[in-house]
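**Student:** The lines below spell out each chain.
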Amino acid sequence: MRVSSGELLAQLKQSFEAFGASQGEYESAASSVLGLERWGFDGLGLIEGALSRLETDPRRPPHVVFESTDLLIDCFGGSALFGLVPSVERLYVNAWRNNGAQATVKNCREPAFILPLLVKVCERGCNAAVQWWIDGEPQLVHRVRIEGGGGVRVSSQVWEGADVVACDMHVYMSRDAQGLDGVESNAIGPSFKLVQQRGHAEHLACFQRSTVSAIEINPLLWQRLEDIGRKMLVPATVQSRLGAGADAPPQKR
Amino acid sequence: MGTRTITNASHVLASAKEGQALTLRSAALVMDLDRFGALQPSRLSFMRTLVRRMAEEAWRIHSERFELDDQGHGEAVYRVVAGSEEYRFVVFSRPLSDEQRNDRVISNQWDLTMALVQGELTGEQLKRLRINVPLQEAGRVDDNVLVLSRANRSSRSFQAVIERLAAGMQPDVEHLKVVGYLCRTTAVYGSGKFGMADWQVVQSYCHSFRTPFSAEMFACFMLRHFSCEQVEHIARVLAPGTAVSIAPHIKRYIGIGNATGLGMAPFLIKHPKLIAHWMLQRETALARVLSQSDCDDQKLDALKTMLAQVIQHLNETTVDERQQQQRNEGLVTSLSHLIDALEQPAFSGWLKTEGWSALQSFVADRYGIDTDELVQVLLFEFYPDLVDPLEESMAVDEDLDLEPHVLLSECLALIKTHYDWALGIDFQQPDHHALFWYRSEEKMEPRLGDRFFEMGAEKEMPMLIAYAVRECCDLMDSFVAEFPDSLVVDFLMQHPNQLGIVRRIQSLSKLHYGDIRGNLSDKNLQPMHLLRAKLSFFGVGKFDPKSRLWVRNTMFQGAPLVDDINAGCAEDRWYFPVAPVL
Chain P
1 MRVSSGELLA QLKQSFEAFG ASQGEYESAA SSVLGLERWG FDGLGLIEGA
51 LSRLETDPRR PPHVVFESTD LLIDCFGGSA LFGLVPSVER LYVNAWRNNG
101 AQATVKNCRE PAFILPLLVK VCERGCNAAV QWWIDGEPQL VHRVRIEGGG
151 GVRVSSQVWE GADVVACDMH VYMSRDAQGL DGVESNAIGP SFKLVQQRGH
201 AEHLACFQRS TVSAIEINPL LWQRLEDIGR KMLVPATVQS RLGAGADAPP
251 QKR
Chain Y
1 MGTRTITNAS HVLASAKEGQ ALTLRSAALV MDLDRFGALQ PSRLSFMRTL
51 VRRMAEEAWR IHSERFELDD QGHGEAVYRV VAGSEEYRFV VFSRPLSDEQ
101 RNDRVISNQW DLTMALVQGE LTGEQLKRLR INVPLQEAGR VDDNVLVLSR
151 ANRSSRSFQA VIERLAAGMQ PDVEHLKVVG YLCRTTAVYG SGKFGMADWQ
201 VVQSYCHSFR TPFSAEMFAC FMLRHFSCEQ VEHIARVLAP GTAVSIAPHI
251 KRYIGIGNAT GLGMAPFLIK HPKLIAHWML QRETALARVL SQSDCDDQKL
301 DALKTMLAQV IQHLNETTVD ERQQQQRNEG LVTSLSHLID ALEQPAFSGW
351 LKTEGWSALQ SFVADRYGID TDELVQVLLF EFYPDLVDPL EESMAVDEDL
401 DLEPHVLLSE CLALIKTHYD WALGIDFQQP DHHALFWYRS EEKMEPRLGD
451 RFFEMGAEKE MPMLIAYAVR ECCDLMDSFV AEFPDSLVVD FLMQHPNQLG
501 IVRRIQSLSK LHYGDIRGNL SDKNLQPMHL LRAKLSFFGV GKFDPKSRLW
551 VRNTMFQGAP LVDDINAGCA EDRWYFPVAP VL
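If you read the sequences in order, they're chains P and Y. When we follow the working numbering, the leftmost residue of the first sequence carries the number 1, and every step to the right adds one. When we follow the working numbering, the leftmost residue of the second sequence carries the number 1, and every step to the right adds one.
One chain only, chain Y, in its complex shape (with noise of 0.2 Å):
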């Protein structure tokens, strides 16, 4: 592994090996709130992390128990042996009316609700989970327990693959291509929610989900594999003569289905140095990627057949919200242009010449973000040796922390420096600072309000970054003014009510990706390019808003199966998946 300098805050050096200094892009252009939006699935999401994972440590998943009645109501519970550890996924599949299934976080009954259990299932604990698992946040937890979730049924999907199933038919693809699933989250927690184990004793002692989200990520996965079992239980039920099972290569088309809203937003802005750090990583990544030389034919070629495989995937995804279509189709047109461009001797010549630097320039000033940040992942897939790495330290020490013995009037020059583009916001434009996050009294569920015609902004969610750095920066010119020689500490003495803003500031400006540049009360603020950041770290696929506060999404469409894993077979070349031909 190769090592890091920063040789000040606004330009960073990374090495893929020694001797080889590599520039990263800069934190104006990363961390803008709208490239968030375009972020793209790569090799270092979690999911594909985790898929490598469990093949190379040659995990092995068998069922322990599989009690479902006709109607597929029951439990299940899955043994996991991953090197010296050992896991249970506990699932608990109840009946739900068609009225009663919603995605909203403010429902409180699930088809499915599960938990992923560190070490042996004792007969006690399973009482208790049977009891606790089904209430989600109402419930409590043992602390050996990493993850707690539940999902519904896909009322478009799961009745229709059981008809089929039962025919002796398999699950109609086409349908498939629609709905990629056959059951979908809700939520998902980890991290010391509800009596949980804490990240910190996940990170230290839960060797196989050392990195962030590995342990959620897995209970999505084993949910995927659950979902599939139960339709083909409830299949052999109905029609025991005529049922079959799934092929597996459909099976491996069949996702788990994900629905988010603005829940997920707040984390980002709560973990800023995570953030920072995942995009480091990511960033390095490119790095090392653009540096290398060998653009070579047999790598345009094969350049050609992923970006191919993209516009299939993009043509066979569903997206009603007209944005995200439009999005979408601009990519499938700027990728047939690049495809046909590659087509072109002089240009694949010049590429050979130049090198992938060369390529991402040309698709940037070209097509714009969305297809810059896809073809960037694509490179990835050719450089497993110099990406896989760094999936191994997406960890970071998140505590912030005061420098105050530092001059103020260098404070100043910091933010400055870092935070221009807060500086640069008018705060005083009423749609600059228009809306407010709050956390609502049902089950406290984030929410966006407007500041000027709805109640609750004097509980608002500290979010606004911008705004509390532009209060910041005003008070401290006044006292640099005032006190010119003064240290942070003097400052702070005088306004304790800046503490955490001015640690906020000071830890990050360290790091060479800092805070989102994005100011969260615009009116006009799409928050979406939020979820869609932390999905893309996730890996999700097939994205699909819903409107501007929420998202569907499809996670493991076209990863390896459980089945495969077990036979040491799991490919791990499952990015942008399109229905398999039949």
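Bound conformation, chain P alone (with noise of 0.2 Å):
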């Protein structure tokens, strides 16, 4: 089925609302996944894979381990839908103050989710690259990089690798969009191979195209985010009735 982008964020919201989160949070979250599927990183398959663990698991706040320029963050085998916000703008903060900074972000799940947070302080002028490693058969390496400024450009890349063996997500934030280049040189190793790659024309095409039309998302998904958000409505009785107008004595129409 198709869905505007209105009305998926509307209802991303209501959904992760009911998972119990503030409203700055369940706001960042469904922009993130609309903002992940805008830009051509599948947001509607990673949150269909997610939504299991996500109304059942226990959240529990990332907790940022150790700080100085740079940040070491343990999201303890959370998602990085939430509570990564006050953590990226920590960095952004950092990398203006110092002209770069970076973050471990340990025991992540769905790291994609934190790219829409770097594009939005991205459109503040500033410049990100983030990699994260999945495990599993094979091994890869994702690559994204955003430079700010003037609209943002994202291009992205996945490498495959066998000796591939950390499992956490780094992220580099600088003012300037070269300060990237040493940082992301050093992440691939010789053995890597290089089986994806996207330029910023592509997603921009894939932006562009999520602006002008519809979005196709799975009837099941929609169907369980409808059911989820659902918990957030409150049932109705003669009294809740009285509240929406019935008060009023009967009108002639």
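Bear in mind the hints are in silico, worked out from the structure with no lab data behind them. Quick caveat: nothing in here was measured; it's all calculated off a predicted structure. Glycine is no exception: its CB is placed at the ideal position from the N, C-alpha and C atoms. Mixed in with the good hints, there may be bad ones.
Cut-off 20 Å, straight-line C-alpha distance, at most; resulting in silico cross-link-like pairs (SDA-like, lysine to any residue) [what the hints assert, rightly or not]:
1. P:K231 to Y:E137
2. Y:K251 to Y:R60
3. Y:K270 to P:G6
4. Y:K193 to P:G6
Stretch-level coverage of chain Y by chain P, calculated; a stretch enters the list once three of its residues show a Cβ under 8 Å from a Cβ in chain P [to be verified]:
5. 127–135
6. 193–200
7. 407–419
8. 453–467
9. 480–492
10. 499–507
Need the complex rebuilt from these two chains, each delivered in its own frame; the hints are there to steer you.
**Tutor:** Written as structure tokens, this is what we have:
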């Protein structure tokens, strides 16, 4: 089925509100799913896979284990969808003050959900590069670069390597786009093979397509989101109907 | 067009023309919830704007299909040509018993359901619309649909008008004064709901509907047209030998009814930048008008004529609710006094010397906010060149963003400056924190509950901005006391659940008109004020509250007809309409 961006965003907000997230948090999380989908990173596929766990697992907010200019954040096996906004904002402030900053995010699921948060701060003129490792068969490294200022530019790569061992996410932020080059080149070893590369034009085309047409969503996922969101509705009673204007005397219409 | 310069958060200068600086009224005055309850439709209201656009851009509207049975049931399709763009307005008319006819959002059947569609209408899409449009919220539509709406026949006027037309008589004008419509809408949906086109798409790719709510208003305008064609059709079938059509001057006095409840209120809280921007445009118009120095005899005479017209309009407005009755009566009294004053040479001479700002101050001081707001919108009518260009600036980027690097003490100072109204509320008093807003299981209808006596407060909607600001401010005070040099981001690392309100405070504090200043949890809250403000921007008239929670009103009464638009003779002077003289 096809839904508009507006109704998808509204539904996501309501569903995430039902998870017990605060207003700022569920608004950011909803924007992350939509943003990821619009930039061509399959935000809906990602949320579809995560929904059961998000619904049932107790949410433990990410914890900043260590902080100097750089950050070490532990997500305790939770999703990047919730709780990372303050840390990303901290990184932004540090990068702005020191011309660069980085964060290591450990034990984080669905790391791609950090991308829209980074896009948001890059819209203020910052630049970011992020990479995360997917432990599977084959083992993959995802790298995304976001350049800000005068319109955000997004490009991405997926690398495959037999000797990937880390399961962390690394985020680099810099005032200058060139500042990202060094840290990015350090991360990929000579044995890695580039298996997917999408430039800014491709991501921008995805984004622009999503601004003119509806978004395709699995009807089961939509139904699921609606069911979750319904938990925020209050049962109707005679008393509740009075709270909607039913106390007025019957009028001839 | 002039430019605006924000010199600081509390004082804005607006320039109507190069080198002329204008002072806007303060946010404390303009954004006060009680004043929202006094707002009047104006030249900048979306219905007025739409009709002007249709006339200026020479839209052409014709029936493509009109297949109704003897009872007026069936379907109709209208083709709308607006410059290089084309749209279709599709109406389905179905039988509905009197028992099923209900204005509440929770209804699921209506006399009429309709959609506004961009571009050509294929047979396949018409089939889909035929299935889905009558379902309304339970249906899904294509993404070239801009508006989905429904309406019910008025049990007071629909049949009565048919009977008179069938008997060869015109509708009873005395009756139309009481019920100035044949059908009444109960919901008008747009902006991406149920699969429709997102507002951003409409704004970017539907030039004809590029300003907020213009597509929604157009659907109501077309519903008005259809309702007149429908009664004429039924009358002709009923009495082919005697039936007459509605005379144009009477038809113009037939508007479209509207019933609006609490569902409209959350929009104003969820779209704070948009509402602040609408107020800015309106206040810019006022500042431009008040700065004019050409208050002369001709304009003062015209003002007296307009005031007399408003008095007649109010006298022809039937309102059941006592408070609104009193407000209307108060307006009639004060407007009569004002006319008398304008007859006095000393007073009119003083105005000619001192200008419109003197009149505005006099009215505000002497008669209060209802008259103040009303006289302002009348003055707009003298200066279309100053006011009308603002109608193209009603949309705004609604994104709220953080400034994490700002010193927390500075953010706290912002709160204490811009949200002093919220900090002045004592939420320890149970009456000040008595109500909560929530969504009902019944069609997600927004409702108000009593926090102390009703279930569901744990699921309340985030409508209580004043309360959230108070809570945030207290936390910030403690944080700053402990960490004087901390930044906003330091605070958010410690209090992530404050993210939403901090984002809002920082974003809105940059605007001259920020949040609406009212406590939406107060036991004595008048939600009607919120509805009135938004409806005034739509441009409705005959504001007729049925309780403190829902209101009936009339749209497009007095407006030009489709025939007038097609003939290129649509007039813009249809504010505060009065009954036609037979």
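**Student:** Next, verify each hint and record whether it holds.
**Tutor:** Here is what the structure says about each hint:
The suggested pairing of K231 (chain P) with E137 (chain Y) holds, with an alpha-carbon distance near 19 Å, which does not exceed 20 Å. Proposed proximity of K251 (chain Y) and R60 (chain Y) is supported: the alpha carbons are some 19 Å apart, at most 20 Å. Of the supplied pair hints, the one linking K270 (chain Y) and G6 (chain P) holds, its CA atoms being roughly 13 Å apart against a limit of 20 Å. Simply put, K193 (chain Y) and G6 (chain P) have alpha-carbon atoms about 7 Å apart, close enough for the 20 Å limit, and the pair holds.
With 0 residues bearing a CB less than 8 Å from a CB of chain P, the region 127–135 of chain Y misses the requirement of three and the coverage assertion fails. Given a C-beta distance limit of less than 8 Å, the hint that chain P covers the region 193–200 of chain Y holds, as 8 residues qualify and 3 suffice. Here the region 407–419 of chain Y counts 0 residues with a CB under 8 Å from a CB of chain P, which misses the bar of 3, and the coverage is violated. With 5 residues bearing a CB less than 8 Å from a CB of chain P, the region 453–467 of chain Y meets the requirement of three and the coverage assertion stands.
Evaluation of the coverage hint for the region 480–492 of chain Y: fulfilled, as 3 residues show C-beta separations to chain P shorter than 8 Å, against a requirement of three. Counting residues of the region 499–507 of chain Y whose beta carbon lies closer than 8 Å to any beta carbon of chain P gives 5, which reaches the threshold of three, so the coverage claim holds.
The earlier numbered hints that this structure contradicts are 5, 7.
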